[in-house]
Structures are given as C-alpha cells and as structure tokens.
Amino acid sequence: MKIPRVVLLLLLMFCLAVSSAAAMPERPATDIYVQDNAGLLSQETKDQVLKIGRELDQKTTAQIAVVTVENLDDRPIAEYANELFRKWGIGSKDKNNGVLLLISRNPRKLRIEVGYGLEGALPDGYTGQVRDEALTPNLKKNDYDAGVLAAYKKLAVKTAEEYQQTLDSVEAAPEEEPSADGDSDTVIMIIVVLIVFGIALIRWFFGGGSGGSSDYFSSGSDDGDSFGGGDSGGGGSDGDY
Amino acid sequence: MSKGMIAVLAAAALIAVVLFSGYNSLVTANENINGKWSQVDNQLQRRSDLIPNLVATTQGMAKQEKEVFQAVNDARTKLAGAQGVNATAEASGELSGALSRLLMIAENYPTIKSDASFRQLADELAGTENRIAVARRDYNNAVQEYNTQIKTMPKSLYAGMFGFGQRDYFKADEKAQEVPQVKF
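Order-wise, the sequence lines are chains Y and P. Number 172 in our numbering belongs to position 172 of the first sequence; there are no gaps in the numbering. Number 1082 in our numbering belongs to position 82 of the second sequence; there are no gaps in the numbering.
These aren't lab readings, by the way, just hints derived from the structure by calculation. We put the CB at the ideal spot given by N, CA and C, even for glycine. Only true hints are included.
Below, in silico cross-link-like pairs of lysine-lysine (DSS-like), each with a Cα-Cα straight-line distance of 27 Å or less:
#1 K1113/P to K154/Y
#2 K1036/P to K95/Y
#3 K1113/P to K140/Y
#4 K46/Y to K59/Y
#5 K59/Y to K153/Y
#6 K93/Y to K154/Y
#7 K46/Y to K95/Y
#8 K154/Y to K46/Y
#9 K141/Y to K1113/P
#10 K153/Y to K141/Y
#11 K93/Y to K1036/P
#12 K87/Y to K1171/P
#13 K141/Y to K46/Y
#14 K1066/P to K1078/P
#15 K1036/P to K1151/P
#16 K59/Y to K87/Y
#17 K87/Y to K1036/P
#18 K93/Y to K158/Y
Derived coverage of chain Y by chain P (criterion: at least 3 residues anywhere in the stretch with Cβ under 8 Å from a Cβ of chain P; other residues may be distant):
#19 120–129
#20 229–236
Next up, chain Y with everything else stripped away, as it sits in the complex (with noise of 0.2 Å):
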C-alpha cells in the first residue's frame, strides 16, 4: 500500500509544530552556568558568568546556572523551573548543591530555585532579599546585564562561603574596570591590564584548542563542564519584573 505523498507531508510538519511546541531547552554539554536562551545577555557578561561558575564548581561542586528563555510555555515560573533544574540535574548528586537563576522574557518573570543542599545556604528570606535588590530593580528597567551579573555574585559569594571558600574571579572583577584619576593610578593600571593581559596570552597558548574569545578567561577545558544530577525541592524566590 503506497502511502500518498501528501499525508507524509503533513505527518511530517505535525512532528515539526509538535517539537517546537515543546520549547524548555536540553540540557546543555557546554558553557553549563549560562544559557541565554531569549538573546537577552552581552557576551562580556555571559563571560564573567562563566569565569564565575567555573571557579565555585571546581572549588565547592557547587552549580549556579542562569537560563534566560523566550517564554514559559504558559506555564506557573515555578513549575517550570523546578522541572528545569530535576531535567538538567544541576548541582552534584550527592549534595544537591544547585542554583537555577530564569529569567522569562514573556511574560517578565524571574526565579531563583535553590537544590536541596543549599537551602541553608541561600534561604528564601535570602534568595526573596537578592531578588529585590539585584534583579528586580535593574530587570525592570531592561538592564539584563547588570541584575544577572550582581545577582550571580551574591550568590556563588554566599555559596562558597558555605564551603568555607572564596572567590578569586569575583573579587577580581572590580579591577578589571580602568580607573580614570591621578598619573600613578594610570601608572599601576597600565601595570595591572598588562600583567592580565600577559597570563591570558599565556593561558590561551597553553590552553584547550576551542577558539573563540570566551577562552581567554577560562580557567578549564569548555568541555569539562557537566551537571551533576542534582536536585531541588522547590525552595527558593520568585517574582514579576
């Protein structure tokens, strides 16, 4: 029996509106902490995520992944994120160490949904606290940027701290920005950006053959990265921007 052309055809475009219909996204293999899904991050910041995310990992286990998406399949931000994180199993599986930041870009949600095993670390009175001061405030006005990078800080910083560490790449950071006053700062300045400057030419001599500029500041293997299988119970903050 010959199937007639046209039915493949139309069979063939119900899988296709299916699979779009479908939209939370994979679990990612590479660049694990950020995935911006809804385009809503500069490159520079999804760079300083990952420099971020790295560290606390390989010094603690503990994952913190920002997933920005389009939409929310019309569904409660809850919700969703919870199935996020148990799909992606972030954090390690033994500790349950993992921290979803989603940001929906329609309707304007965010969520911070915390693992099992950080709920002391980051309780809801805390992640409510980080939610108010570093993301609503900056989200509302359309600047992604700023709210992801200070919210991500706060918290892989109260993160390591549960692990009795700290973070190089996030004290790092604020001398990276030039300062603009007196001679012997430009002096110490020009100093500091080429001692940086010399280690990342040096690492990305000696580092993964990857390509791409996110290299530079990398400080492992891009395909190192993978979650653990962590999971979560629902802790956490939610709220409108």
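With chain Y held as given, fit chain P onto it using these hints.
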C-alpha cells in the same frame, strides 16, 4: 520423575519467580510513597513553624484584625491534629486560605509591608508553600505509580492478598492551591 511432574514443577517455579518480583516491586513502590509522604509532612511542619513568628510580627501592627489571626491559629491547630492523607490535605488547604487572608492584611497596612522581618517571613512562607506543592506532586506521582501497579495484571490478582490496597492522593482544594503572594 515423569515428564508431567517436571512440567508442573517448572510451572510452579516460574509462578514463584513472577510472584516474588511482583511482590518486591509493590513493596518498593509502597515504600516510595511513604518516603514522599514524609517529605510532604516535613514541609507542612516547616510552614506551621513559620506561623507563630508571622503572626507575632503582624499582630502588633494590625491589632483589629483579630478574626484573621484566630483563623490562622485555628487552621494550624486543625492541621496538627489531622490524621491520614485526606484530612491532612483538607486541613492544609484551609491553612493556605487563612494565610492568604493574613498576607492580604499587609496590603492595607503600609507599616507591615515595609517591615523587613515581615518581608523575610513572607518570602519564607512563599518558598515553603512552593516546597509543599513540589512535595505534593512527587507524592501524587508515587501514588499513581503504585495504584497503577496494583490495578493492572498480573499484580491485580494477588496484591489484595498481600495487603496492598489502594492509597489516597493528596487532593487539595482548588481555590486553596493559590500560593499566598504579597506584591511589594
């Protein structure tokens, strides 16, 4: 031994194996439900523990709203005394409703809304309500898995014999499922 005997013994062995693994699977599914229930219980307890603080913080600034505070305390007591899934689900729904009304008070009293400890407690409450929702979902999934097993063949033939009865879902009241939210 005659061929007939061997056949019978083989059949009996096969049935035993099927029975064994089926029984074990039911035990596992049942225990899974118990585990998920203790998580629900955990989160319900966590919410109940937040309440005295929440009431104390708001009561001082909204003395006239006695009814609301009474409703919260009554619902909390009822939940503490609830036995079994159905009673607990119902009591939890009532408490959610009472808490919504308490949080709504904040809308009318700016002093409460701007109080830092209130904000923190409101955030903790919202987080806990979400945890309850997640724990409930996990529990209901576990119950569904188990109930499906005991109702399908071949386990439906012997499940009752071993004391594996149907288990209850956590059915919360539809309108009480609203997570209390305060817009700051």
